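Q: If you read the protein sequences in the order shown, they are chains A and B.
Using the numbering used here, you'd call the opening residue of the first sequence number 1 and step up by one each time.
Using the numbering used here, you'd call the opening residue of the second sequence number 1001 and step up by one each time.
Because the hints were derived from the structure by calculation, they are not lab data.
Keep in mind that this is a model prediction, so the values were computed, not measured.
Take the hints with a grain of salt, since some may be wrong.
To be verified - Listed next, the in silico SDA-like pairs over lysine to any residue satisfying Cα-Cα at most 25 Å (straight line):
no., chain 1, residue 1, chain 2, residue 2
1, A, Lys67, B, Pro1367
2, A, Lys13, B, Glu1366
3, B, Lys1216, B, His1015
4, B, Lys1439, A, Ser6
5, A, Lys66, B, Leu1388
6, B, Lys1430, A, Arg11
7, A, Lys305, B, Glu1400
8, B, Lys1011, A, Thr302
9, A, Lys62, B, Leu1404
10, A, Lys71, B, His1015
11, A, Lys300, B, Leu1404
12, B, Lys1430, B, Asn1255
13, A, Lys67, B, Tyr1365
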Amino acid sequence: MRSISSTPHIRDKQTTTGIMGAVILALMPATVFGIVNFGFKALLLIIISIASAVFFEWGFEKITKKKSTVKDLSAVLTGLLLALNLPVSVPWWMPIIGSFVAIVVIKMLFGGLGQNFMNPALGARCFLVISFSKLMTDFSYIPGFGGTDAVSGATPLMALKNGEGFDMLSMFIGNEAGTIGETSAMMLLIGGMFLMFAGIITWHLTFSYLLSFVVFITLFSGYGLNMVYIGAQLYGGGLMLGAFFMATDYVTRPVSRKGQLIYGVFLGVMTGIFRLFGPGAEGVSYAIIIGNLIVPLIEKLTVPKHFGYGKEAAK
Amino acid sequence: MMIDMFKNTFKGGIHPYDGKDLSKDKPIKEMLPGPELVFPLSQHIGAPAEAVVKKGDKVLAGQLIAKASGFVSAPVYSSVSGTVKAIEKRRTTTGDMTMSIIIENDGQYEKAEPIHKMRYEDMGRDDIIRIIGEAGIVGMGGAGFPTHVKLSPKEPDKIDTVIVNCAECEPYLTSDYRKMLEEPEKLIKGLEIEVSLFKNARGVLAVEDNKPDCIKLLREKTEGHDKISVVALKTKYPQGSERQLIYAVTKREINSKMLPADAGCVVNNVDTVISICDAIMNGEPLTHRIVTVTGDAVKEPRNFKVLTGTNYNDLIEAAGGFKEEPAKIISGGPMMGFAMFDTNVPVTKSSSALLCMTKDEVAMYEPSACINCGRCVDVCPSRLVPSLLADHAEHFNEEEFKALYGLECVECGSCSYVCPAKRQLVQSIKTLRKICLAKRKKA
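Kindly produce the complete structure, drawing on both the sequences and the hints.
A: Set out below in C-alpha cells:
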C-alpha cells in the first residue's frame, strides 16, 4: 500500500530544529568570546543553564505526560541565551532558578513552544534582576583564564551614564565588564549577519530597532549627533544581543514585515527612554519584555492586505 | 507603475526543486492504450455527462459516448474503436468511485466522422463557441472547467486580454514545455481563434523565464503579429495560479468572488488551446492529451501523447516501469496533485502528470507546534496569514476564518511547503474552506 496524503507532497528542508540550531551556531562567536573574556566560570554557568533548561522542559513534559520536545533544541537555546544574560559573578544556582522561570513558568505553563507571550530567557533575566538585584548587577570579574587581578565591575554603559571615560575599541571587541554574552558587539554582529544570510531573520526588525534607537538618543541625550556617544550606546550593554537575538525571537515578535518595522521602532524608543531617563544604565531587556506585550496589538493593526482587495483590485 | 510593469510576477511564492530535467529534453512519444479504456462521465467541473451508448454498442474512435447535460457540462468521446463493455462505477485519480463507460479496445483505431465540416473562415463567434463545447474541451491544467463557458462571459466586449497559461510552475511537469516546442503553430492558431471571439482583446502567451527556448521560439513565430505577444514571467511557484497569473500580466487583482472576466481576462492552459485548434480546424474532439510520466522511481521519464481512458498502469509500463519501488504516486504535480493508493485508474481530460517518488517527504516529518516564524506569511500569494487560518480551521472557527479572508486561499500549498514545523497548513485551511464554500453556494 502506498502512502497517500493531502497536498503538497514536497517539503522544504528547513525544520524548527534546524532554525534553533542555526541560532545557537550564530551565538557561538559571542559565547566563545564570553568564555575567553570571563574565564572558566562562564563556561560552567553556560553548561548549568543549558542543562537545567533542558531538564526542566523534559521533566515538565514527563510529569504532564506530554510528548517530549527537547529535541527541537529550543530549550538549549533558551538556556544559552539566559546564561549569556548573566554576569559571571553570579552563584551557580542562579541559572537554575532562571531556567526554571524561563522554561516552566514562562514557556511550558502557557502551552510550550510557540505559545509563550514573552521571551523566556529575557523574562527570566528580568525576574532574576528584580529578585536578586545585588547579585545580578555585580559585574566584577577576573579576566580570562589564569588571570588573578579582579576587575571592578563598572560596565561601559554605567561609565557612560556617569560621564566617565570609556574605550570605544574595547567596547566593540568586548573585553569589558558586562554579562557573559553581551560585551562583544563584534562577535554578536558576526552572528547576526550569519542569521540574516542564512535567512533565519530579516533585516526589518533589527534595523528599525537600531535606527529608531539612534534617532531617539540623538534627539534626547543632549549629545546630539555625537558619533562616539552613539557608537558607545550601540556597542554597550545588551543592545546588540537584544536587537539580533532577543527581539527577533519568532514567537514573541509580530509575524508580518510591516509589524516588525513598527515593533522595532517601539523597542528603539523604549530602550532610549529606559537608558536615558531610567535609574539604571540598561534598558534593552525591559524594552523587549514590554514590547512583547504589545505584539498582539501590532499584529491586529498590521494584517497584510489580502490579494484581490487592494488598490489594484479589478472594478 | 512603469517599474512594476517590468516585474511580471506577484508577491510571495516559493522556489522548490523543479525536477524538470528528468523529462524535459525528450520529445513527446505516442503510446497505445491497453485492451480496456475507462471514460468517467464526470471529467470536468459541472454536471456529469449523460451516456448515449449502452452495453454491447460498437463505437469508433472520436465517437460521442456521453453528451453534455447542461450548459456547464462537457461531452465525452471514445478515444478508440471497440465495444461498450459496461457502464459502471470505477475508481478515478481522486480515489472516488465515478460512473464510467468502459470500452473494449478492438485495436483498429477506426475513426469516426469529424464533429463538424465547416471551414474556420466561415464560422461566426457562436459557431466557434458551440464547436468548442461540442468537442468536450475543458481546462486541461487540472481544474477541468468547461472551456466554452469560460469563452462566454456576460460582457464579451470587456475582455481585453486572452492569456495562455504557459507558466507550468508545478515542479516536474514538462508537458506544456514540450507542447510549446513541438507544436507552437497550433498553440498560436488556437490563441488566434480565442482572440477572434473578443473584439477588444489581445492574446498573451505567458511563459516562465526558466523556459528561454520557448520564449524565443514563440517570439519568432509571433513576430509581426499585431494581436499576440509573448510575456516572460518570473519563475516562481505558483506563477501559473490563475489570479496570480492575471496579476503578473495585467497588474489587475481579482478575489475569490470574481471571475477572470471581471479583470477583462480569459485564461486557458496550453493543452486546452491546442485542443481548441484541433477542434476548430480539423473537427477533432478531445480524445487525447499530453501526460508527463516522471519522478525518481521511473526508469525512463518522458512525456507521452496519451488517449483519454488509458490506464495509468499502461503509462508506467510505457515509461519502462519502476527502477525502484515508489513510496508515493501522484496524479499531477507535487504541489497540487492527488496522491493515489491505486494506479488502476484512467487518464482523464485533466490528468497532467504521473509522478512517482521514491521518498514520501510528508511522512518523513512529524508536524509540531507553530513557532510563528512567518515564512508562510512571506510566501502566501493571496497575502493571508496561513498559520492563523490553520489554527482557526483546526478549531472550526468559521467566523474568524472568514474574517481573516480564509476563503481567498488558492490552495497552492506554499505555506505547507515552507513550514519548518511541518504543519499541514493548507490541508486544514482547505478542509474548512470547502465547507464554507459549500454553505455559500447553498445560501
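Q: Checking one constraint from the list: CA of lysine 305 of chain A to CA of glutamate 1400 of chain B, max 25 Å. Satisfied?
A: holds, 16 Å
Q: For the pair supplied as a hint, lysine 300 of chain A and leucine 1404 of chain B, is the alpha-carbon distance within the 25 Å limit?
A: holds, 11 Å
Q: Holds or violated: are the alpha carbons of lysine 1216 of chain B and histidine 1015 of chain B at most 25 Å from each other?
A: holds, 23 Å
Q: Would you mind confirming whether the straight-line C-alpha gap from lysine 13 of chain A to glutamate 1366 of chain B stays at or under 25 Å?
A: Since the Cα atoms of lysine 13 of chain A and glutamate 1366 of chain B sit roughly 13 Å apart, the hinted pair holds (cutoff 25 Å).
Q: Are the Cα atoms of lysine 1011 of chain B and threonine 302 of chain A separated by 25 Å or less?
A: Given pair lysine 1011 of chain B, threonine 302 of chain A holds - Cα atoms ~17 Å apart, limit 25 Å.
Q: Within 25 Å, alpha carbon to alpha carbon, are lysine 1430 of chain B and asparagine 1255 of chain B?
A: holds, 16 Å
Q: Compare the distance between the alpha carbons of lysine 1430 of chain B and arginine 11 of chain A with 25 Å, and conclude whether the hinted pair is satisfied.
A: holds, 18 Å
Q: Please verify whether lysine 71 of chain A and histidine 1015 of chain B have alpha carbons no more than 25 Å apart.
A: violated, 28 Å
Q: Would you mind confirming whether the straight-line C-alpha gap from lysine 1439 of chain B to serine 6 of chain A stays at or under 25 Å?
A: holds, 22 Å
Q: Is the hinted pair lysine 67 of chain A and tyrosine 1365 of chain B satisfied, with a Cα-Cα distance of at most 25 Å?
A: OK: lysine 67 of chain A and tyrosine 1365 of chain B at ~15 Å, within 25 Å.
Q: Is the hinted pair lysine 66 of chain A and leucine 1388 of chain B satisfied, with a Cα-Cα distance of at most 25 Å?
A: Judged against 25 Å, a Cα distance of about 23 Å means the pair holds.
Q: Starting from lysine 67 of chain A, check that the Cα of proline 1367 of chain B is at most 25 Å away, please.
A: Holds. Lysine 67 of chain A to proline 1367 of chain B sits at ~12 Å (cutoff 25 Å).
Checked against the numbered hints above, the structure breaks hints 9 and 10 and satisfies the rest.
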